[in-house]
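Residue-level listing of the chains:
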Amino acid sequence: MTVIEPHPERDYAPVPDEPIKRRGRAWKNWLFKLAMLSCMFVAFGTLAVLLVDTLVTSWPALTGQLLTGLPSTVADEAGARPAILATLYLGALVLLFSVPIGVLTAIYLEEYANRERWWNRVIEVNIQNLAAVPAIVYGILGLAFIVRGIGVGRVVLAGGLILTLVVLPTVVVASREAIRAVPDSIRQGAFALGATKWQVVWRQVLPASIPGIATGSILALSRAVGETAPLIMVGAITYVAFNPTLLGPYTALPVQIYNWTKQPDPEFQTLAAAGAVVLLVIVLSMNAVAIFLRNRYRKQW
Amino acid sequence: MTTADATVARSAATTLPRKKIRWGEQAVRVVLFVAAAISVLTTVGIVVSLVVPSIDFFREVGPTDFFFGTTWAPLFLDAKFGVVPLVVGTFVISFWSALIAFPLGLGVAIYLSEYAPARVTSFLKPILEILAAIPTVVLGYFALTFVTPFLRDQLGVQVEIFNALAASLVIGVMLIPTVATLSEDAMAAVPRDLRDGGYALGADKLQVSTKIVVPAAISGIIAAFVLAFSRAVGETMVVLIAAGQLPQITFDPRETIETITAFIGATGNGDVPRGSIEYDTIFAVGLTLFVMTLIMNLISIRLVRKYREVYE
Numbered sequence: 001m002t003v004i005e006p007h008p009e010r011d012y013a014p015v016p017d018e019p020i021k022r023r024g025r026a027w028k029n030w031l032f033k034l035a036m037l038s039c040m041f042v043a044f045g046t047l048a049v050l051l052v053d054t055l056v057t058s059w060p061a062l063t064g065q066l067l068t069g070l071p072s073t074v075a076d077e078a079g080a081r082p083a084i085l086a087t088l089y090l091g092a093l094v095l096l097f098s099v100p101i102g103v104l105t106a107i108y109l110e111e112y113a114n115r116e117r118w119w120n121r122v123i124e125v126n127i128q129n130l131a132a133v134p135a136i137v138y139g140i141l142g143l144a145f146i147v148r149g150i151g152v153g154r155v156v157l158a159g160g161l162i163l164t165l166v167v168l169p170t171v172v173v174a175s176r177e178a179i180r181a182v183p184d185s186i187r188q189g190a191f192a193l194g195a196t197k198w199q200v201v202w203r204q205v206l207p208a209s210i211p212g213i214a215t216g217s218i219l220a221l222s223r224a225v226g227e228t229a230p231l232i233m234v235g236a237i238t239y240v241a242f243n244p245t246l247l248g249p250y251t252a253l254p255v256q257i258y259n260w261t262k263q264p265d266p267e268f269q270t271l272a273a274a275g276a277v278v279l280l281v282i283v284l285s286m287n288a289v290a291i292f293l294r295n296r297y298r299k300q301w
Numbered sequence: 001m002t003t004a005d006a007t008v009a010r011s012a013a014t015t016l017p018r019k020k021i022r023w024g025e026q027a028v029r030v031v032l033f034v035a036a037a038i039s040v041l042t043t044v045g046i047v048v049s050l051v052v053p054s055i056d057f058f059r060e061v062g063p064t065d066f067f068f069g070t071t072w073a074p075l076f077l078d079a080k081f082g083v084v085p086l087v088v089g090t091f092v093i094s095f096w097s098a099l100i101a102f103p104l105g106l107g108v109a110i111y112l113s114e115y116a117p118a119r120v121t122s123f124l125k126p127i128l129e130i131l132a133a134i135p136t137v138v139l140g141y142f143a144l145t146f147v148t149p150f151l152r153d154q155l156g157v158q159v160e161i162f163n164a165l166a167a168s169l170v171i172g173v174m175l176i177p178t179v180a181t182l183s184e185d186a187m188a189a190v191p192r193d194l195r196d197g198g199y200a201l202g203a204d205k206l207q208v209s210t211k212i213v214v215p216a217a218i219s220g221i222i223a224a225f226v227l228a229f230s231r232a233v234g235e236t237m238v239v240l241i242a243a244g245q246l247p248q249i250t251f252d253p254r255e256t257i258e259t260i261t262a263f264i265g266a267t268g269n270g271d272v273p274r275g276s277i278e279y280d281t282i283f284a285v286g287l288t289l290f291v292m293t294l295i296m297n298l299i300s301i302r303l304v305r306k307y308r309e310v311y312e
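So the protein sequences, as listed, match chains Y and P. Be aware that the first sequence starts at 1, since it is given in the numbering used here, and climbs by one per residue. Be aware that the second sequence starts at 1, since it is given in the numbering used here, and climbs by one per residue.
Chain Y with its partners taken away, still in its complex shape (with noise of 0.2 Å):
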């Protein structure tokens, strides 16, 4: 759920546990640190338990019908195919509408609008908020616009725009980051060769600040593909046993598992399980796929 931006230089190095000679507070410091790293341990304990717990549950329904099966009543023969379709479809979706809009108003916000102007600072705090509006929130308006008032009706594209709309804050805020990394200088340069303003975003300051961007969008991805409380307002329906549309009616992974969680069939349980391995494996290797790219293409002006 939550995007880790990339952490600002500290420009202190940390201090180095000396031997402290006066005995209470040593005793002292020592708790505090086996505190702090117990924190720590709660925090990859749980991690750890979860990744395990489900896999084990997971592992009788972990079969090949689980990706190439249709749902069904009867769980030996439910399998997942049209909502991993389905969900590989809204993924692509998000991508194709939330990286150029994301992009594009990350560039207004960095290096065209003038700050002293009061709409630049409502779109500012705008999307500040948009960032922590619950996502629910953003299926209401699914339901509220898409769905009914528009008449695009319960489809695969009313659902990738709204998980659009989700995740678009995450987008702009990492790709303001990478922007406002590229320095100054390198501005000040393409200029004075006589470069436009759209000259010198477009050939040296995106180029460079590719890396961030594709870095956020990714995560921003795995985000969406995750994403469930919105898909159920807007209609990912629980039942379907054909593949999607991008105009049909469909279910998308996530909304499966929740369905399967529902049945109180414990057969049902362990293909909920399995269903959540196959998206753990997908958000999770797309959130590896981001942090090598950060830690590949950092780069130090």
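Hints were generated in silico from the structure; no laboratory data involved. Here the structure is a predicted model, which means the values were calculated and not measured. Honestly, I wouldn't trust all of these hints.
What the hints assert, rightly or not - Quick list of simulated restraints, FRET-style, between CB atoms:
1) P:26 to Y:183: 26 to 32 Å
2) Y:247 to P:52: 24 to 30 Å
3) Y:285 to P:291: 34 to 40 Å
All C-beta atoms, glycine included, are put in the ideal place defined by N, C-alpha and C.
Starting from the known structure of chain Y, fit chain P onto it as the hints suggest.
The following block gives chain P in isolation, referenced to the frame of chain Y:
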């Protein structure tokens, strides 16, 4: 007068030729502004889509009955629309999540910012990111099928099958990365001089961390807390799956409850006919949720700006 006129005439002659208007550049400006305006339109869309049906709703149900009524039964024959049980349920979840996320997140932040060597940080941070990236539907499944049975069988806590405690614990852990990252950013913005000043006066690491760095970064830390609380209020899937759909006023986390988001998620899946009072209920409740989180988000945004102003 004449000398002044002469100066103007001369300087006009030596200035560069009038700048050509580049239409391409102007068009780019417009396109960029339109892209930026989409986000504002999103907010406008959210507000309109929430407020319009809410007006219909409040025409039928008095605001007093809604905001102060203590029974929530919108789908019953004798419908009651008191939102208090949902708000209490939301508060219970957020309170217990905060109890987990605030201290643990702050601890992680202090460790990362003050203690961990760079090598360790570069290894720990991606793991935090992975924790933050787990889809909430998976967390909800985990709360229902692992945490609740664990509480019951291993720890002997008498919880219902659907209960607020398991959901809160999982949401609390889920929010640790949020609290940790934002707090650590605030701590990284505290200038090194302050730390060195502390060490020069003979303070040890514990004292520098707790008496200098944390107080100096406090507005950023509070911003992190407020944002995390807002996220707990808005969290849907975990509570929908693990905390149940039983609107009741109780502060006991072992009970089954219903939150605002769980009601919206359970009701909004398309079974409710459009234009009915039940349909409008989704929007009135959604508006309540939106306003609650909006207030918290704005407080958080303001606090972050404050620490940035002080140190950067």
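Now the hints, each set against the structure:
{"no.": "1", "hint": "P:26 to Y:183: 26 to 32 Å", "in the structure": "holds (27 Å)"}
{"no.": "2", "hint": "Y:247 to P:52: 24 to 30 Å", "in the structure": "holds (27 Å)"}
{"no.": "3", "hint": "Y:285 to P:291: 34 to 40 Å", "in the structure": "holds (38 Å)"}
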